[in-house]
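Using the sequences plus the hints, can you model the full thing?
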Amino acid sequence: MVPALDRLLAWLFDLGEGGLTDLLASAIFIFTSMAFFALFGQKIQIWLTLRQVGASVDKLRLMRDKGRNLALEALKTLGGVEHGLEEKVDRFLEHFALEPESMDPAGVVWKLERILDVREKKFLDEVRRMAPKADEATIYNLEGLLEAATALNVLYKVVRHYYLLGKKTSSFYIVAQLQMLMPLLMKTARAYADALSAFKEGQPIGDGIGALVAAKLIHGRPFKRLVKDTIVAEVEMDGRRAYVVKAEGPGAKVGKPGEAVRKLLEELGDEVKAVIFVDATVKLEGEETGEVVDGIGVAIGGPGVEKFKVEEVSLKKEVPFYSILIKEDVEEAISPMKKELVRSADKAVEHIRSLLAEVTEEGDTVIIVGVGNTMGIGQ
Amino acid sequence: MPARTSLAISMTLLVLAIVFMIMGMRYMLQGDEVVSTAMLAAAMALTIASWLTSRSVAAARETPIIRMFEVSTELTCSSCGFKEVRAFRQGDYVFKPAGACPRCGGERFITAIFREEGSTPT
Chain P
75 MVPALDRLLA
85 WLFDLGEGGL
95 TDLLASAIFI
105 FTSMAFFALF
115 GQKIQIWLTL
125 RQVGASVDKL
135 RLMRDKGRNL
145 ALEALKTLGG
155 VEHGLEEKVD
165 RFLEHFALEP
175 ESMDPAGVVW
185 KLERILDVRE
195 KKFLDEVRRM
205 APKADEATIY
215 NLEGLLEAAT
225 ALNVLYKVVR
235 HYYLLGKKTS
245 SFYIVAQLQM
255 LMPLLMKTAR
265 AYADALSAFK
275 EGQPIGDGIG
285 ALVAAKLIHG
295 RPFKRLVKDT
305 IVAEVEMDGR
315 RAYVVKAEGP
325 GAKVGKPGEA
335 VRKLLEELGD
345 EVKAVIFVDA
355 TVKLEGEETG
365 EVVDGIGVAI
375 GGPGVEKFKV
385 EEVSLKKEVP
395 FYSILIKEDV
405 EEAISPMKKE
415 LVRSADKAVE
425 HIRSLLAEVT
435 EEGDTVIIVG
445 VGNTMGIGQ
Chain H
284 MPARTSLAIS
294 MTLLVLAIVF
304 MIMGMRYMLQ
314 GDEVVSTAML
324 AAAMALTIAS
334 WLTSRSVAAA
344 RETPIIRMFE
354 VSTELTCSSC
364 GFKEVRAFRQ
374 GDYVFKPAGA
384 CPRCGGERFI
394 TAIFREEGST
404 PT
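Protein chains in written order, with my numbering: chain P, 75 to 453; chain H, 284 to 405.
These are computed hints drawn from the structure, not numbers from a lab. By construction, the Cβ of each residue, glycine as well, lies at the ideal position given by its N, Cα and C atoms. Where hints are given, some of them may not hold.
Just a few of them, taken from the derived set where beta-carbon distance is under 7 Å, the chain H residues facing chain P [stated by the list, open to error]:
1) Ile331
2) Ile349
3) Arg350
4) Val354
5) Leu358
6) Arg372
7) Gln373
8) Ile396
Taking lysine to aspartate or glutamate pairs in the DMTMM-like style, the calculated list, with each CA pair at most 20 Å apart, reads [claimed, not checked]:
9) Lys421(P) / Glu390(H)
10) Lys347(P) / Glu362(P)
11) Lys274(P) / Asp209(P)
12) Lys261(P) / Glu367(H)
13) Lys413(P) / Glu400(H)
14) Lys379(H) / Asp303(P)
15) Lys366(H) / Asp209(P)
16) Lys290(P) / Glu390(H)
17) Lys290(P) / Glu367(H)
18) Lys274(P) / Glu399(H)
19) Lys379(H) / Asp403(P)
20) Lys274(P) / Glu390(H)
21) Lys413(P) / Glu390(H)
22) Lys413(P) / Glu357(H)
23) Lys140(P) / Glu353(H)
24) Lys401(P) / Glu400(H)
25) Lys231(P) / Asp132(P)
26) Lys290(P) / Glu357(H)
Here's what the structure looks like:
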C-alpha cells in the first residue's frame, strides 16, 4: 500500500527519488510553523510589546526618583531638617486634591477655586516647614519643583498600573493601548523632568512669556498689589492709558489674572475699551517656536477658574477681549525659556501696539494682562 | 551591550553577509545545491546586523533622564545699552539690578535669561 501511495504521489507531484520524504518534511515544517504562530503569535507580540513598555516604565521610574532626589537636595541646602525630611517629601509626592461634585454644576467653579486655594496654601505651608531658611520667592520655586516631582510620580504610577494590569491579564488590547500612548506620555514626562532643574534654579520657563511681556511694559514704573500674588501698573502706551497686570515675580507664581481683570473692570467701569491677554499656547508640530498670533477671547490657561471669572464679567460689561498668543511646544513650556521665546516677547509688544492702534483711540483706557508663571521674572 | 560593541559586531556580520551572498551567487552560477544554505546564512547575518545597528543608533540617540540646560543671563545698561552675557547664577531674575555698567557707570539690569538651542520646528 505504502509503496503504491509513494509511487502515486511521486507521479502526481513529479518527484524524484527521496522526494516524498522532502515533501512531507516541508509540509510538517510549514504546518508546525503555522500552528505555532497561530497559537502563540499574540503571546509573542504581547511579550515584545510588554518589553518595550517595560523599558519606558523603567525610564519613568528613574525620572521620578531623580525628581524626588533633586527636591530633597534643594530642601536640604535650604535648611531642611535632616531627620524625617525624606518621609515628608514622600508624603508630599503622594498628595492629591479631590475635584468638587459636579452633578449640579451651578457654582462648581467657586468650589473648585476654594479647593485650589486650600491646596496651594497647604503646599506652601508644607514647603515653608521643610525649608525654613528659604525666602518667599524660593518657597514658591520649591513648591513648583515638588509639584513637578509629584506629577512625575503620578504619571509613573498610572503607567505602571496599566503595564502590570496588561501583564497580569495578558490582554493584548490593554498593552497595545499603552504602547500607542507611550510616546505622548513620555513627552509629558520629559517636560516635567526638564522642569525640575528650572524650578530648582529659579529660571524663567517658557510658560512665563506672557509675564515677561507684561514685565517689559511695567519695568521702571510704580506698581501695586491688586489681588493675591498679582500686581498692576499704570503705563502710558501710544497715548493710551494701559493697566498692565501680571503675577508678582520673581517667585514661581501665576497669580489670579481673572480676579484682577474683574476687579479692574468693576473699578474702572465703562472707561475700559479693550482687554488684551498675552499668553503662551501649545504649537502644532511643524510650527515655529516663538511665533506670535492674534485672536479673540480670554487666553488664560489652567483649571479654568480665572477664565470663567473674566467671561462672567464680560456678560455685564461689553468690553471686547483680545488675545496675543506665543507658540511653544509642551516641553518648552515648563523648561528654561528658549532664546527664540525671549526674542518673541519684543514681537508681542509690537503686536500689542498695532492692536491698540486698530481697536482703540488715543486717550482710551485698556487692560493688558501678561498671563503665566513669573518664575525668574521681576517687574 | 555597549553601543560601540554592538556596532562593531553588526559591521562584522555585514561583511560576513556580503561574503555569504557572493558565495551563494557563485554556487548558483555553478548550479550547486549549497546556494540556498549560503543565501539563508547571508539573510540571517543581515537581519542580526540590522537589528544590532538599530539598537546602537537608538542607544546613541537616547537623551539623559534629567537634562540640564546651559542657561545664560543677559545684562544691559539702561544708559548706554552695553550688553553682557554670562552664565546664569542662582538668584538671577529678569529686571534685577546688576550693578554699575563697566563702560559708562550707568545702572545695569538683567534683561533676559535664556537657554540656547536650535530653532528648527520639532
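Broken hints, by number = 1, 5, 6, 9, 10, 12, 15, 19, 20 and 21
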